[in-house]
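2 protein chains.
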Amino acid sequence: MTIEGRAEPQAAARQSTLRTSNLGLVLRTVCAAPDPVSRADIAVSTGMTRSTASRLVDDLVSAGLVEEAERTAGPVRGRPATPLLPGRTAAALGLQVDAGRLAARVVDLGGRVVAERLVDGDWVGSDPGTTLDQVGGLAAVVLADVPEEMRLVGAGLALPGIVDAARGVLLRAPNLGWHDVRPADVLAAHLPAGLDAVLGNEADLAARTVAESAPGRPGAHRDFLYVSGQIGVGGAVVLDGRVMRGNAGWAGEVGHVCVDPDGPPCRCGSTGCLEQYAGRHALLAAAGLPRDASPDLLLDTAAAGDPRARAALDVARRALAVALASVLNVLDIPTVVLGGHLGRLATDLRPGLEDDLATRVLSARWRRPRIEAAGPDSAPAATGAALHALGDVLADPVGWLD
Amino acid sequence: MTIEGRAEPQAAARQSTLRTSNLGLVLRTVCAAPDPVSRADIAVSTGMTRSTASRLVDDLVSAGLVEEAERTAGPVRGRPATPLLPGRTAAALGLQVDAGRLAARVVDLGGRVVAERLVDGDWVGSDPGTTLDQVGGLAAVVLADVPEEMRLVGAGLALPGIVDAARGVLLRAPNLGWHDVRPADVLAAHLPAGLDAVLGNEADLAARTVAESAPGRPGAHRDFLYVSGQIGVGGAVVLDGRVMRGNAGWAGEVGHVCVDPDGPPCRCGSTGCLEQYAGRHALLAAAGLPRDASPDLLLDTAAAGDPRARAALDVARRALAVALASVLNVLDIPTVVLGGHLGRLATDLRPGLEDDLATRVLSARWRRPRIEAAGPDSAPAATGAALHALGDVLADPVGWLD
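Residue numbers (the working numbering), protein chains in the order written: chain A, 1 to 402; chain B, 1 to 402.
Think of the hints as simulated: they come from the structure by calculation, not from any bench.
Don't take each hint at face value.
[To be verified] Pulled a few chain B residues facing chain A out of the computed Cβ check, cut under 10 Å:
#: 1; residue: Ser62
#: 2; residue: Val119
#: 3; residue: Asp122
#: 4; residue: Ile162
#: 5; residue: Val237
#: 6; residue: Gly246
#: 7; residue: Trp250
#: 8; residue: Ala251
#: 9; residue: Cys258
#: 10; residue: Val259
#: 11; residue: Asp260
#: 12; residue: Gly272
#: 13; residue: Leu274
#: 14; residue: Pro295
#: 15; residue: Ala325
#: 16; residue: Leu401
[Stated by the list, open to error] Derived, one-sided and incomplete: chain A residues facing chain B with beta-carbon distance under 8 Å:
#: 17; residue: Val330
#: 18; residue: Arg367
#: 19; residue: Ile371
Just so it is clear, CB atoms sit at the ideal spot from N, CA and C, and this is done for glycine as well.
Full structure from sequences and hints, please.
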């Protein structure tokens with residue numbers, strides 16, 4: 001594994017703006033395609049000449065950002081076409097800290113998980129330095145597993161709170177009990193020199209894995225509200241495949257939508273927030289189960305006729321209906337994707353939730369809101385953090401050429 | 001007054017795309033400037049040559065979209081510059097129907113109200129045909145007041161509900177009790193042939209008057225949540241000066257954010273919606289005042305020590321805090337602009353509301369949300385409907401040249 005520093009991308013961009021922009025276009029075309037494309041396909045879809053497209057592909061292949069697969073049977077006449085795929089040797093490190101799980105993952109440009117380590121536990125009220133030291137240790141283990149020929153193009157760290165990404169500061173993560181934490185100071189001891197982990201919000205980054213099935217490849221949904229069921233509840237608004245940042249990058253905090261102003265106090269300082277009903281700890285406590293119980297145990301207990309488990313699920317569903325209807329009324333988005341433990345409860349929650357939304361959303365008569373479950377990934381925000389770093393390469397690959 | 005049909009704008013655009021785009025740029029530069037600009041100013045700010053800018057200005061002056069004011073004292077040497085202003089002879093008709101007021105207004109390209117008629121009343125549960133006939137009558141009266149030399153470039157109709165603008169249908173306006181109404185069928189009898197009123201949501205259009213102080217001129221705020229206090233409560237999300245449409249154009253329904261799921265039933269079919277506490281009818285009923293009482297009477301009654309009036313204001317304030325905090329947590333917007341009766345109550349509501357938001361908004365410690373009052377305009381959505389029509393001219397003026 002080598003760690004890449006980007007050599008003067010601004011200067012390169014000035015030297016040849018058109019080439020820069022066309023290189024990005026070719027790379028994004030290869031990455032966005034659901035099936036391998038040929039140089040000729042790229043020329044057609046980008047409007048470049050065949051020779052320009054071919055030259056740019058060659059540059060990307062040399063840099064390992066695109067790779068050539070085995071030639072398949074081509075047209076009846078002429079040379080068989082060489083199928084092009086996203087490069088397997090370019091990858092990024094994604095880290096995730098939440099109150100119930102630490103994760104470190106390396107994801108390549110094709111979206112494959114190259115190496116990963118996950119640790120479950122309870123980091124509510126934990127010491128930031130100790131916890132970041134743990135995740136840094138995981139990162140070091142994972143990086144040691146990465147093959148020698150792989151180039152690491154960036155890193156990201158997903159945190160369950162509001163972050164100032166530009167300054168590299170976690171401002172506040174209520175469920176961790178952290179505020180004003182600068183992770184780079186601790187992570188530097190574990191990461192290779194020159195590799196800085198860009199901070200992002202856990203739900204924003206997890207939502208990227210729904211919007212993108214692989215780096216630069218459109219996923220199952222492009223306009224949706226993502227609700228991340230963690231120990232608390234996070235969220236992200238995704239419009240046209242892009243996570244809505246808001247004015248300061250703090251948009252999407254659906255877990256702190258108020259469901260009942262007279263409800264229980266929340267760690268954030270408010271009362272009756274959605275996560276006090278639908279967060280994992282709140283839900284399991286209401287069901288009388290230990291707070292490290294799995295969503296499956298909760299479902300099984302309810303299915304076995306336990307009234308507390310059933311009531312906890314119903315309370316969570318009603319709270320979700322109230323909060324989500326409010327958000328859908330304001331945002332006019334047709335789809336909600338449930339992730340984390342809420343995704344694993346989706347089959348139980350969906351029918352009643354969709355009915356409740358049909359009553360509470362003003363426009364439901366014309367377009368009934370739909371509830372979907374995110375995929376079963378156990379650390380989507382770690383993947384999202386890697387997608388974010390890889391997205392920078394897709395946006396402007398010129399700094400990564402040899 | 002003449003009614004303008006746009007002659008083949010697509011064909012014109014094809015003939016000279018650059019000229020089209022530069023004409024729009026020059027017109028928008030004149031309209032955006034807070035003070036009159038000269039041909040030389042336009043050349044500098046657009047990067048065009050002086051002669052190109054001057055020729056395009058001449059075309060816009062001929063068409064009445066730009067006008068030349070008296071020459072003022074220019075530089076020490078050389079000809080005095082001719083100050084340029086948005087044309088006074090180009091104007092649009094804005095209509096507004098809400099459950100408590102009908103309005104018709106003609107607004108010119110400089111943002112001046114040329115003529116208007118407002119009628120207050122009670123149109124809750126009214127017959128759509130009869131009411132639209134009334135507003136059509138107002139439109140006819142207003143248009144008769146417009147000077148002969150004025151060119152009418154478009155029209156808009158603001159409605160307090162969710163609309164399908166492309167199909168020209170009001171889908172649902174809970175407080176009017178209307179659904180599936182096609183206003184054009186009734187309005188056609190009153191409006192000049194060829195003048196179709198484009199439908200828009202009342203709060204979306206009122207919010208435009210905050211984002212734009214005149215057609216194309218930036219207003220006091222560019223990123224804000226607009227809350228329109230009417231008989232119910234409407235809303236609009238404005239990002240970078242543009243009203244957020246949402247997936248189907250129905251975004252912004254903050255009046256139907258749920259404040260308390262066990263609260264009173266709302267006309268929309270849900271329960272505990274914000275407008276059940278902060279809408280004008282709800283507020284006045286809670287205060288024991290007649291439902292046509294003014295916001296000033298409510299304030300005076302509360303100031304005189306009447307406990308019901310004070311309690312009604314406090315309930316509205318707490319409901320606004322719950323609903324607005326939820327929206328700000330999801331959207332990460334720093335400013336709320338209160339319009340309609342809520343704007344007139346802003347001085348009373350603001351201190352407590354800002355304190356409540358500081359507790360309930362997750363990011364408030366880093367950026368405390370602010371409450372502002374919209375201006376005193378009594379029919380901002382009518383102006384907004386005209387701004388919308390004038391905005392089409394600013395986007396592409398070529399169809400309006402002689």
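Hints and how they fare:
no., hint, result
1, Ser62, "violated (39 Å)"
2, Val119, "violated (27 Å)"
3, Asp122, "violated (22 Å)"
4, Ile162, "holds (5 Å)"
5, Val237, "holds (7 Å)"
6, Gly246, "holds (2 Å)"
7, Trp250, "holds (4 Å)"
8, Ala251, "holds (4 Å)"
9, Cys258, "holds (5 Å)"
10, Val259, "holds (7 Å)"
11, Asp260, "holds (6 Å)"
12, Gly272, "holds (8 Å)"
13, Leu274, "holds (9 Å)"
14, Pro295, "violated (24 Å)"
15, Ala325, "holds (6 Å)"
16, Leu401, "violated (33 Å)"
17, Val330, "holds (5 Å)"
18, Arg367, "holds (6 Å)"
19, Ile371, "violated (16 Å)"
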